[in-house]
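Participant: All chains should be modelled from the sequences, with the hints used to inform the complete structure.
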Amino acid sequence: MSAPLLAVERLTKRFGGLAANEDVSFTVAAGEIVGLIGPNGAGKTTVFNSLAGFFPPTSGEIRLDGRPVAGSPPERMAALGVARTFQIVRVFKSMTVLENVMVGAMLHHRAVRAATARAWEALQLTGLERRADEPAGRLTVAEQKRLEVTRALASEPRLLLLDETMAGLTPAEVQEAVELVRRLQARGIACVVVEHVMEGIMPIADRMVVLERGRVIADGPPRAIAEDPAVIAAYLGEEYRAPGP
Amino acid sequence: MMLLQTVLSGVLIGLVYALVAVGLTLVFGVMDIVNFAHGEFLMLGMYASFWGFALWKLDPLFTLPFTALLLFGVGAALYRVVIRRITDAPMLSQIFTTFGLMILFRGLAQYFWSPDFRSVDHSVMNGKVAFAGLQFGLPQVVAAGGAVATTGAIWWFLRSTRLGAALEATAADKEAAALMGIDAQKMFALAWGLGAACAGVAGALLSTTFPIFPEVGASFILFAFVLVALGGFGSVAGAFWAGILVGVVEVVGGFLWDPAYKLVLVLSLYLLVVWLRPQGLLGKA
Amino acid sequence: MSRAGLGRTLALVALLAAALFPLVVRSATWQNTAILMLMLAQLGVAWNILGGYAGQVSLGHAAFFGTGAYVSTLLALRFGLTPWVGMFAGAGVSAALSLVIGWPCFRLKGHYFAMATIAVGEIVQAVVNGWDLLGGAVGLSLPLQQTGLWHMVFNRSKLPYHYIALGLLLFTLLVNWLVTRSHVGYYLRAIKDEPDAARSLGVSLTRYKLYAIALSSGLAAMGGTLYAQKELLIDPGSTLSTGLSIKMSLVAIMGGVGTLAGPIVGAVVLTAIEEASRMGFGGTGRGTDMVVYGLLIVLIAIYQPAGILGWIRQRFPAAPAATPPARGAGEAA
Chain R
51 MSAPLLAVER LTKRFGGLAA NEDVSFTVAA GEIVGLIGPN GAGKTTVFNS LAGFFPPTSG
111 EIRLDGRPVA GSPPERMAAL GVARTFQIVR VFKSMTVLEN VMVGAMLHHR AVRAATARAW
171 EALQLTGLER RADEPAGRLT VAEQKRLEVT RALASEPRLL LLDETMAGLT PAEVQEAVEL
231 VRRLQARGIA CVVVEHVMEG IMPIADRMVV LERGRVIADG PPRAIAEDPA VIAAYLGEEY
291 RAPGP
Chain Z
409 MMLLQTVLSG VLIGLVYALV AVGLTLVFGV MDIVNFAHGE FLMLGMYASF WGFALWKLDP
469 LFTLPFTALL LFGVGAALYR VVIRRITDAP MLSQIFTTFG LMILFRGLAQ YFWSPDFRSV
529 DHSVMNGKVA FAGLQFGLPQ VVAAGGAVAT TGAIWWFLRS TRLGAALEAT AADKEAAALM
589 GIDAQKMFAL AWGLGAACAG VAGALLSTTF PIFPEVGASF ILFAFVLVAL GGFGSVAGAF
649 WAGILVGVVE VVGGFLWDPA YKLVLVLSLY LLVVWLRPQG LLGKA
Chain V
32 MSRAGLGRTL ALVALLAAAL FPLVVRSATW QNTAILMLML AQLGVAWNIL GGYAGQVSLG
92 HAAFFGTGAY VSTLLALRFG LTPWVGMFAG AGVSAALSLV IGWPCFRLKG HYFAMATIAV
152 GEIVQAVVNG WDLLGGAVGL SLPLQQTGLW HMVFNRSKLP YHYIALGLLL FTLLVNWLVT
212 RSHVGYYLRA IKDEPDAARS LGVSLTRYKL YAIALSSGLA AMGGTLYAQK ELLIDPGSTL
272 STGLSIKMSL VAIMGGVGTL AGPIVGAVVL TAIEEASRMG FGGTGRGTDM VVYGLLIVLI
332 AIYQPAGILG WIRQRFPAAP AATPPARGAG EAA
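Chains as they are written, first to last, in the working numbering: chain R, 51 to 295; chain Z, 409 to 693; chain V, 32 to 364.
Be a bit skeptical, because a hint or two may be false.
[What the hints assert, rightly or not] In silico BS3-like links for lysine-lysine, alpha-carbon gap of 25 Å or less:
no., chain 1, residue 1, chain 2, residue 2
1, Z, K582, Z, K594
2, Z, K536, Z, K465
3, Z, K582, V, K189
4, V, K140, R, K143
[Said to hold, decoys possible] Output of the computed footprint for chain V on chain R, the stretches with three or more beta carbons under 8 Å from beta carbons of chain V:
no., region
5, 127-136
6, 155-162
7, 199-205
8, 270-279
FYI, nobody ran anything at the bench for these hints, they're computed from the structure.
For each residue, glycine too, the CB sits at the ideal point set by N, CA and C.
Facilitator: The structure is reproduced here in structure tokens:
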């Protein structure tokens, strides 16, 4: 059996005396959507940043296609096919929407013309093509989040790390975001989604990994997670009924 | 013996540098802004002493408290009128704002007081002091003493008064401080006032031994940067010890090698520290 | 007329005016002023590549200007090398120097980077000041007798200097323009806006900052060579001072950082202020020009960080222009 796309093995990250992540392990298969949830302070963002290369873990390993990548800087992770969005949106405010996406496209298409074509494709996939010429700073927060996803998409990732993409969105916007993630999955892109908005992640995740106080306390399909007493105790507070049959 | 004399001379001037740096680091610690115009507060302190002397024959040591108060007012007013508008602005704006103020102050000084070099040549501070076979200029000793006293006062203020604690709290976490009822705006104005006062006092202390001219701030701002980087951005204690270190390096270096390269030595030290240990000796990162 | 069209027309008019100026205005002082304006504009455009586009504010750029001046002058004095070649040698040395400086300094962000550049600029000035081989504080002078195109020294009229300055400015603008249209330009703007996001998209911050500083310093050095050839005397005070570094950044800030034409506008405004000071207040010795500069910078930094051009763009916004490429050109949607 071939190696999973992403394998997190006993990831531990300590800041001084505080262990933000302790022995975190999970895998992500190609094209899989994995939700990473947990109460505030559980260590989700720390895992995220380790995966994205923003700091090396204290111990443990991260494998992409079986190859160890822990400690690789963000630029290298991008080149290896890992893209991310940011919790607090970081679009390039002085550039237009199109230009923002072009920066993503330029990872694999240096020439401006090729990058432009690639960027338009990405914009059409995510539905932002009408806004292509707007300065990115003038978009609404929801649109900026979508722009970040588009930009990441243009870099042709195999794994997309989405950091609370649905926070602060109206229910209609959440639905649009859910649709977008489904379209990404249809293109074969795996996603690790850190999320608090349950209505956003439960319907689409193939699996959920639940963190509490730096450790993994559950790992399984959404319905199993929703009924797991440990998870309920730590986080949900009440049973969440997954929709559908 | 000569070396000991040189080292101690270095300490004396270093203490004054330290005072200038304390002012700079105070502002930085509280609001993450590097004031490129900080040297101009020193210049204003010098001119205040000079005019007190030229117009009313007042000794700079006597006018020192007034100079301190005056510069406190200037600093706080500057915060209220200008700096307040850029606290959340992009870093480029912040750099250019204090940079522009630096040029503005130098230009105003040149316009109102001419580029001529001034000096305060008559002071109760004149003379020499002999101590254990070593000789020091009285102005240098008094300046160092004044610098230590002022730095000590700032230190005491930060550690032992409620207002000082509030300032430190704002420096540590301005949102948390706000939640505890501390008015960040007041704290920022206070920091700017104190920072300016420090530089102003240093200027007053140096007014009898240094030539006074509009661009004199330029000679000190670099050292202030060096000290703040060396001691750690935001650390008053760091600025103090770094001041002594740099003062000694500067004077001893100038004594052992070509005095023309003193500046190169100090600046190279600065670059080295900033590259190897960005948070400085005692600084928060 | 669209705003882009208006901009292009204005640029053409300005070019024509610059080209015809010395033929129409015969006063030597005014001709000199025009040349200085062109040179200042060129330095501003060079600075802008690093400071305006990449967002790395350098307040020690005179070090590169001076490097160009000294390298070409030394090569001319020692080996009789024509400054036309010396100019590029100076650019090369300056670019190399900038990489050495940039590599450790780019680790620093924002304020700290700016402060480090001041320190570097001061160090370079102090070192050259004490270096006898480079003439020390007195500096170097080029012989007046060797005139002509080869030596790039012109005695009888200032006209050649004017056109060389104009040519250099156009060359510098061309380089800047090519950068903005290449992926380097996009990456630099991304680095300026959100460095972490740029990294997550595969952009190596250090590499692109180094590209920017190498280009910026090389072009500034070429301006230094022109200065040396025009003045025939260079010394640390005139070519390496922090005051000059400040001026180079000033023209870009005032006119509009991160725009092609910004530094040119800034140079015109700055030179106008200097002339007004000279005539109105009896010279720059009274500091009136500094008061005006200082006020302008503060006001611009607070209210209009995008400079004069930024203000114009806000008042006269352009209409959106981009359209999707033809469907046949790319893959199917």
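Participant: Determine for every hint whether it applies to the structure shown.
Facilitator: Hint-by-hint comparison with the structure:
no.	hint	verdict
1	Z:K582 with Z:K594	holds (12 Å)
2	Z:K536 with Z:K465	holds (22 Å)
3	Z:K582 with V:K189	violated (59 Å)
4	V:K140 with R:K143	holds (19 Å)
5	127-136	holds (count 6)
6	155-162	holds (count 5)
7	199-205	holds (count 3)
8	270-279	violated (count 0)
In terms of the numbered hints stated before, the structure departs from hints 3, 8, listed from lowest to highest.
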